[in-house]
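Chains as they are written, first to last, in the working numbering: chain A, 889 to 1402; chain B, 35 to 313.
Everything hinted at is true.
Capping the alpha-carbon separation at 25 Å, the derived lysine-lysine pairs in DSS-like fashion look like this:
| hint | chain 1 | residue 1 | chain 2 | residue 2 |
| --- | --- | --- | --- | --- |
| 1 | B | Lys147 | A | Lys1110 |
| 2 | B | Lys151 | B | Lys164 |
| 3 | A | Lys1107 | B | Lys177 |
| 4 | B | Lys167 | A | Lys1101 |
| 5 | B | Lys177 | B | Lys111 |
Think of the hints as simulated: they come from the structure by calculation, not from any bench.
So the chains spell out like this:
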Amino acid sequence: MISELINIFISQSDLFLSLTIEHLEISIIAVFLAIIIGLGLGITVSEYPRNKWILTLVNIIYTIPSIALFGFLIPVVGVGDTNAIIALTIYGLLPMVRNTYTGIKTIDPGIIEAAEGMGSTDRQILFKIKLPLALPHIMSAIRNMTVMTIALAGIASFVGAGGLGVAIYRGITTNNINLVLAGSILITIVALAIDGILAGVERLTAVGPSRKKVTRFFKNKKVIAAILIIIIAIAGYYVYDETTHATINVSTKAFTEQYIMGYMLEELIEHDTNYKVHLTNGISGGAPMIQDGMNKGDFDLHPEYDGVGWMEVLNLPGKYREENKSQLVDAYEKNYNDRWLETYGFENTYRLAVPKSIAEQYNLKTTSDLARVSNQLTFGAESDFFSRADGYDNLTKDYGLNFKDTMDLDVSLKYDAVKQGKVDCIDVYTTDGRIYDSNLTILEDDKGFFPSYYCCSVVREETLREHPDLLPVLNKLQGKISTKEMMEMNYEVDVEKKDPKEVAHNFLVKKGLI
Amino acid sequence: MSEDNIIEFHHIKKSYVDNVIIPDLNLNVERGDFLTVIGSSGCGKTTMLKMINRLITPDSGEILIDSKNIEDMDLIKLRCSIGYSIQGTMLFPHLTVGENISYVPDLIEEDKKRDRKYRKGKKVEFKRSKDEKAEDEANEIEKNKRISQWLKIVGLDESILNRFPHELSGGQKQRVGIARALAASPKILLMDEPFGAVDEITRRQLQEEIKRIHRETGITIIFVTHDIGEALYLGDHVIVMDEGRINQYGKPEDILNNPATPFVEKLCERTKLVVNNKD
Chain A
889 MISELINIFI SQSDLFLSLT IEHLEISIIA VFLAIIIGLG LGITVSEYPR
939 NKWILTLVNI IYTIPSIALF GFLIPVVGVG DTNAIIALTI YGLLPMVRNT
989 YTGIKTIDPG IIEAAEGMGS TDRQILFKIK LPLALPHIMS AIRNMTVMTI
1039 ALAGIASFVG AGGLGVAIYR GITTNNINLV LAGSILITIV ALAIDGILAG
1089 VERLTAVGPS RKKVTRFFKN KKVIAAILII IIAIAGYYVY DETTHATINV
1139 STKAFTEQYI MGYMLEELIE HDTNYKVHLT NGISGGAPMI QDGMNKGDFD
1189 LHPEYDGVGW MEVLNLPGKY REENKSQLVD AYEKNYNDRW LETYGFENTY
1239 RLAVPKSIAE QYNLKTTSDL ARVSNQLTFG AESDFFSRAD GYDNLTKDYG
1289 LNFKDTMDLD VSLKYDAVKQ GKVDCIDVYT TDGRIYDSNL TILEDDKGFF
1339 PSYYCCSVVR EETLREHPDL LPVLNKLQGK ISTKEMMEMN YEVDVEKKDP
1389 KEVAHNFLVK KGLI
Chain B
35 MSEDNIIEFH HIKKSYVDNV IIPDLNLNVE RGDFLTVIGS SGCGKTTMLK
85 MINRLITPDS GEILIDSKNI EDMDLIKLRC SIGYSIQGTM LFPHLTVGEN
135 ISYVPDLIEE DKKRDRKYRK GKKVEFKRSK DEKAEDEANE IEKNKRISQW
185 LKIVGLDESI LNRFPHELSG GQKQRVGIAR ALAASPKILL MDEPFGAVDE
235 ITRRQLQEEI KRIHRETGIT IIFVTHDIGE ALYLGDHVIV MDEGRINQYG
285 KPEDILNNPA TPFVEKLCER TKLVVNNKD
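Build out the structure end to end from the sequences listed, making use of the hints.
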């Protein structure tokens, strides 16, 4: 276990480094904003009692579950880093406001009266007396809030923000516990390290000779100038980076083959063009949420399944067939100004599968063949399959299937169940990596019951117009990946625990695309 | 109105909601006087004191300092020109002894700079002019000199300049408090039970100290206390207050020998012995 963990850190050190940096960026920006806004609000609340409602308000906001707050912000700011930073800032407000308020309110009123009676203006009382005396409270708020923000930023990947949460989320969705652990451990280390630094700052700013040195240091005009220059330099670098390299924003859904496709697109585009690709890997909330991001211009392109676009995005009735493709393409063009490219070649749809032994025993090739013997077999599927329109009820009706028994199984247990003979027939996703070594025979959907789910790039027309050299690059993938190849790549990630980025790279090399 | 009066109260009235604290106060404070104000708690003595630096505004009537109505003066300048020392000293815990003492001079300095900026038409100036720089430097030196001088006057050693209040003894804190109140060389010093929280021996010393300071500086002191012994011992003049009214104003021996009201008489009875021993 530990050696696997160490292996992960070593083999994917690039990924973890960039995720850690992203994590720090998001957290530090949020902490910085929370300090400024929180201090401002805290001062307002304590100086003007009629503003006390602000305290109640931030209190209420604080009780909103974090996932929900991230979710609430999606319609307003979409998915991505901005969403995360805003949500984290809002969470950071309460500790800041409350501690600033408490810090100021618990000052001996005699001290404030003395300052007032000696001729200080309100401003002078605030800056010379109240804030310095409230500083211990404020500092402890900053420490707590920072640790909280760093931890909470781990959830931010659920709304498509970067950071170490990406590793955790990917670990969960690709069933890779070591990745989850690695991400969590790094978050803990980052949080503790920053807390340690802040503890040092707290000691320096405590009442005593060191605080004087610190204030004198920061009042020095040269120091202020140096800080300003550093900030401008960093900002300048980012602006330069943004303007010299146009960025193509690619997003994917949160499961293995989408991760692989994301990395494949990233590497191919960056290899063939000067564009920088910003990959938002693993958007939860599925197709409608990604479409939302496309409409807002947050994303330029994403790999999508035509059947999903038909049903979940366009909400069109009826089963999607390949002959409906032009209708789908037109509707996307008209509704969203997005273009569907030709498929990569693989289809991730449903099929029924039986162990090879049973297939041979009964000579099963198609689903219609199954109807003959279904009364001797037990069928297992995830509960979702039993409730879908393109699921169990209509399937059995169309094919005249009549299973002996059915069983609700968790997706992750399905393959074990069929291997152990607990069920004889299951539904599978055609690219599922676990099919690879499961000894299953996939039955043909000879009546065309299941909708078509071919995977294609969906690109904003605007992006294609602005970057005309992008289209030929994307078209390179057309028809290059068969369903079996995708299944094998999924197997490498899900079962062999390989890095999806590496798997994508190897495939591109194998196909001579890079 | 007289040139000899530094502060004058004319028909001052103050009440909180329905509770009349001071019905009608008239009082002249002589220049250079050490005036002690004695009375039970809630008699309005602190209210009277705080009206002088406008921490409390009277409902009606007027207060004059040097024949000028204090309502017409700039609040900040007024307060900076009046020393203020209250019970428990209320030193600023986050500032060193030196910074505490120079608090008011620093405020005055900032006020001056504000005025300077205002004169310039609020233009942001990155550089001070040569004159201004020289002026600021001179002020800095002057300030440090004054701090040491005040430390000496209140009987403290310069070695404590960089200490923080929590590192000082009770008596030292009181002395720093007095030095802080005096640091801007005010004409008037308001003291509200300043020695209320120290032990008897230290209090004796501090009383001696403040008497000496008064003698040496010629400052006008208004000193509020609820200890009749302290009031009689310190004051050139004593005011006995009860329910917002001045029962008697006079020299300590007048108060002691010719109490004007039964309240004054009762107040003096227990301390007569002590004071007689003093003489």
